[in-house]
Amino acid sequence: MNYAIVKRLVLKDWYLQRWAIMASLAGVVVTLGIIATGGKVAFLLGLILLIMVIISIGAQMAVATIVTERKEQTLPFVMSLPISYREYTASKIWGNLLIFLVPWLTMVLGSFGLLLWSPSSRGLLPYAAIMSTEILLSTCLILAVALITESQGWAVAAIMVGNLAVNGIGYVVAHIGGIAKGMWGPTIQWSGAASAVLLAELTIVALLLGGTFFVQSRKKDFL
Amino acid sequence: MHSDLVISQTDGRPMYLQIMDQIRQRIAVGDWEQGKEIPSIRQLAVTLRVSVITVKRAYMELERDGIIVTQQGKGSIVAPDPKLGAKLYDQELAKHIDRVVQLGELLGLTPKEIASRVREAADRLTKEYT
Amino acid sequence: MNNPSVHFDGVSKVYPHFSLDDLSLELPTGTIMGLIGANGAGKSTTIRILMGLVHQDQGRVHVLGREMPREQAAAKLDIGFVSEDMRLYGSATLAWHMKFVRSLYPQWDQSYADTLLRRFDLKPQQKIKGLSHGQRVKAALLLALARRPLLLVLDEPTTGLDPVARQEVLAELVAVLTDEDRTILFSSHNTSDVEQISDQITFIDRGRIIASDDKEKFLDRWRRLRLVLSPEADLPSLPGVVEVGGSERLPVLVTNRFDPAMVSACNDAGATVQAVDPMTLEEIFVANVHSRREKQTV
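Chains as they are written, first to last, in our numbering: chain H, 1 to 223; chain S, 224 to 353; chain D, 354 to 651.
Note that these hints are calculated values from the structure, not bench results.
Keep in mind that this is a model prediction, so the values were computed, not measured.
Please note: incorrect hints may appear among the correct ones.
Distance condition first, Cα-Cα at most 16 Å in a straight line; then the derived EDC-like pairs of lysine to aspartate or glutamate [to be verified]:
{"#": "1", "chain 1": "S", "residue 1": "LYS318", "chain 2": "S", "residue 2": "ASP244"}
{"#": "2", "chain 1": "H", "residue 1": "LYS71", "chain 2": "H", "residue 2": "GLU150"}
{"#": "3", "chain 1": "S", "residue 1": "LYS310", "chain 2": "S", "residue 2": "GLU284"}
{"#": "4", "chain 1": "D", "residue 1": "LYS452", "chain 2": "D", "residue 2": "GLU437"}
{"#": "5", "chain 1": "S", "residue 1": "LYS310", "chain 2": "S", "residue 2": "GLU343"}
{"#": "6", "chain 1": "S", "residue 1": "LYS297", "chain 2": "S", "residue 2": "GLU286"}
{"#": "7", "chain 1": "S", "residue 1": "LYS279", "chain 2": "D", "residue 2": "GLU596"}
{"#": "8", "chain 1": "H", "residue 1": "LYS220", "chain 2": "D", "residue 2": "ASP410"}
{"#": "9", "chain 1": "H", "residue 1": "LYS71", "chain 2": "D", "residue 2": "ASP534"}
{"#": "10", "chain 1": "S", "residue 1": "LYS297", "chain 2": "S", "residue 2": "GLU260"}
{"#": "11", "chain 1": "D", "residue 1": "LYS570", "chain 2": "D", "residue 2": "ASP612"}
{"#": "12", "chain 1": "H", "residue 1": "LYS71", "chain 2": "D", "residue 2": "GLU437"}
{"#": "13", "chain 1": "S", "residue 1": "LYS279", "chain 2": "D", "residue 2": "ASP567"}
{"#": "14", "chain 1": "H", "residue 1": "LYS219", "chain 2": "D", "residue 2": "ASP410"}
{"#": "15", "chain 1": "S", "residue 1": "LYS310", "chain 2": "S", "residue 2": "GLU328"}
{"#": "16", "chain 1": "S", "residue 1": "LYS310", "chain 2": "S", "residue 2": "GLU256"}
{"#": "17", "chain 1": "H", "residue 1": "LYS220", "chain 2": "D", "residue 2": "GLU424"}
{"#": "18", "chain 1": "S", "residue 1": "LYS279", "chain 2": "D", "residue 2": "GLU533"}
{"#": "19", "chain 1": "S", "residue 1": "LYS310", "chain 2": "S", "residue 2": "ASP244"}
{"#": "20", "chain 1": "S", "residue 1": "LYS318", "chain 2": "S", "residue 2": "ASP346"}
{"#": "21", "chain 1": "S", "residue 1": "LYS279", "chain 2": "S", "residue 2": "ASP244"}
{"#": "22", "chain 1": "D", "residue 1": "LYS452", "chain 2": "D", "residue 2": "ASP462"}
{"#": "23", "chain 1": "H", "residue 1": "LYS181", "chain 2": "H", "residue 2": "GLU72"}
{"#": "24", "chain 1": "D", "residue 1": "LYS648", "chain 2": "D", "residue 2": "GLU596"}
{"#": "25", "chain 1": "S", "residue 1": "LYS259", "chain 2": "S", "residue 2": "GLU286"}
{"#": "26", "chain 1": "H", "residue 1": "LYS220", "chain 2": "H", "residue 2": "GLU150"}
{"#": "27", "chain 1": "S", "residue 1": "LYS335", "chain 2": "S", "residue 2": "GLU351"}
{"#": "28", "chain 1": "D", "residue 1": "LYS648", "chain 2": "D", "residue 2": "ASP558"}
{"#": "29", "chain 1": "D", "residue 1": "LYS570", "chain 2": "S", "residue 2": "GLU315"}
{"#": "30", "chain 1": "D", "residue 1": "LYS482", "chain 2": "H", "residue 2": "GLU72"}
Please put together the full structure from these sequences, using the hints given.
Structural data, given as structure tokens:
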């Protein structure tokens, strides 16, 4: 794997997407501002907005950098460079994840910080961890599907599935005994169930990314 | 010297023949002197925008006819032969005579009739020149 | 004679509606090979397999000594590829593309790139989406040529170009061969371009190579003979006759094994040879394909 070339490919994608990236980061800053104005409604609205922005960053970037390579017919140009599927796949995954992780980490650290700071809501921490990881998982799903299928239709489907999953899992997990018990309390109660769910999510993320590499290696028609 | 030759797309003859003819003409009229360096095969190919193999063929046949000489690793020169001009005209003559005979055959003339036609033309034209 | 730049050995690739069948091909280093074929004949598939972008189902492919597709990353360092279905990034400028390609290839020659900008009349600050089709093709060629790659693989490099641009491109391609170690493979519909600059010619039809040879030999072997049959004479049987046209008394034969001795043989057999016409590459290709297809349907 030629890391120097992967870096250049990532920078290329970031350059081509620079406006979208800057707009997204601006969106994150704005929503953080809304949250910081204090007040319960602002907090709730801000949080919802933040989650929407983050999810859409992941989805939009994945489509813009992967599906459009095929649609705009720039894929032959990229594949004529001294790379194989390895560098191509790695650059798309790294390029998209790194951009996604910036607002995502902001959200994670920001929400953790807020939860820890206000004494009455500390119990929400395990739930927040699970939901944040769920959003990461959804983005990885979109990336995997976009890379493997290179189809706009499938990518859009993955985006919808990811959104539904976030909502669905959010509901289900909130009602799991071990987790629900401590959610509304003032202390952090890390249950076995929470650990299990978190571990499962991280495993799926690893499987999605590793699986993508595996499927890409088996592709016989890159164009 | 390099931009001398011109290849025509509408000339029905094969490209290598056009190249050969033009080189012969240059030599015959004295533009390219004996012993003078001529463009290498690849150089001429680039100038004329034709394939290397076409120029190579032209050069090989010219060499076979004794018109040029190719020195291994040193490029090609016009053959340093004092009788070169005459030789070239001789080749032209042979070609035209062959063509005359072909046309005569198409018309159904016998060799004797063709020869007498040539004789008659030679007599007429030399009379005009003297 | 050095090793061939490209070597295909028994390559097959099966698609639902089309297949490449047992393709074997050799491209000698330092030559230009023109690949001619109808649409859907397999030119693009062959080229993609050569670039490692499509994996063959069977057979071995070696490009510049490297096995494809396994060693494609290393091979592509020395290959310049431009295909008809390839696009550059519309929102970026030509200058950006040049900088990008330059950062990936140590052999980039900036002074040659500047010369090409002038010759092709391209402005580096222009965005790709603002370029005409011909300018885009020239831009893609510039990006490939300026790296001075050992092998140039071009899929329809002159298609859609105006006559002036075409001659500019052909001139640059032939100039590449000033270096004996560099090779070009290009596919084209434009048989006159192929006829002009190719050293080797390969015909491909319906997934098979139907002919591959030295261009001059090709042009030498094919002739159209116009005959005048005397009333009692039959059509003489000549070697390599691929097509018989004209009328009963004025037949026109196309042969792919012409020999000057045929002329006297015909005349002796009572079939006066009225004309022996050389054929253009296009006529040769069409005659070749027709005769093959006819044999297949019989």
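Status of each hint after checking the structure:
{"no.": "1", "hint": "LYS318(S) - ASP244(S)", "in the structure": "12 Å, holds"}
{"no.": "2", "hint": "LYS71(H) - GLU150(H)", "in the structure": "9 Å, holds"}
{"no.": "3", "hint": "LYS310(S) - GLU284(S)", "in the structure": "15 Å, holds"}
{"no.": "4", "hint": "LYS452(D) - GLU437(D)", "in the structure": "22 Å, violated"}
{"no.": "5", "hint": "LYS310(S) - GLU343(S)", "in the structure": "26 Å, violated"}
{"no.": "6", "hint": "LYS297(S) - GLU286(S)", "in the structure": "15 Å, holds"}
{"no.": "7", "hint": "LYS279(S) - GLU596(D)", "in the structure": "31 Å, violated"}
{"no.": "8", "hint": "LYS220(H) - ASP410(D)", "in the structure": "9 Å, holds"}
{"no.": "9", "hint": "LYS71(H) - ASP534(D)", "in the structure": "37 Å, violated"}
{"no.": "10", "hint": "LYS297(S) - GLU260(S)", "in the structure": "10 Å, holds"}
{"no.": "11", "hint": "LYS570(D) - ASP612(D)", "in the structure": "12 Å, holds"}
{"no.": "12", "hint": "LYS71(H) - GLU437(D)", "in the structure": "15 Å, holds"}
{"no.": "13", "hint": "LYS279(S) - ASP567(D)", "in the structure": "12 Å, holds"}
{"no.": "14", "hint": "LYS219(H) - ASP410(D)", "in the structure": "12 Å, holds"}
{"no.": "15", "hint": "LYS310(S) - GLU328(S)", "in the structure": "27 Å, violated"}
{"no.": "16", "hint": "LYS310(S) - GLU256(S)", "in the structure": "14 Å, holds"}
{"no.": "17", "hint": "LYS220(H) - GLU424(D)", "in the structure": "15 Å, holds"}
{"no.": "18", "hint": "LYS279(S) - GLU533(D)", "in the structure": "14 Å, holds"}
{"no.": "19", "hint": "LYS310(S) - ASP244(S)", "in the structure": "14 Å, holds"}
{"no.": "20", "hint": "LYS318(S) - ASP346(S)", "in the structure": "21 Å, violated"}
{"no.": "21", "hint": "LYS279(S) - ASP244(S)", "in the structure": "14 Å, holds"}
{"no.": "22", "hint": "LYS452(D) - ASP462(D)", "in the structure": "12 Å, holds"}
{"no.": "23", "hint": "LYS181(H) - GLU72(H)", "in the structure": "51 Å, violated"}
{"no.": "24", "hint": "LYS648(D) - GLU596(D)", "in the structure": "11 Å, holds"}
{"no.": "25", "hint": "LYS259(S) - GLU286(S)", "in the structure": "14 Å, holds"}
{"no.": "26", "hint": "LYS220(H) - GLU150(H)", "in the structure": "14 Å, holds"}
{"no.": "27", "hint": "LYS335(S) - GLU351(S)", "in the structure": "25 Å, violated"}
{"no.": "28", "hint": "LYS648(D) - ASP558(D)", "in the structure": "14 Å, holds"}
{"no.": "29", "hint": "LYS570(D) - GLU315(S)", "in the structure": "25 Å, violated"}
{"no.": "30", "hint": "LYS482(D) - GLU72(H)", "in the structure": "11 Å, holds"}
Against the hints set out earlier in the document, violations occur for numbers 4, 5, 7, 9, 15, 20, 23, 27 and 29.
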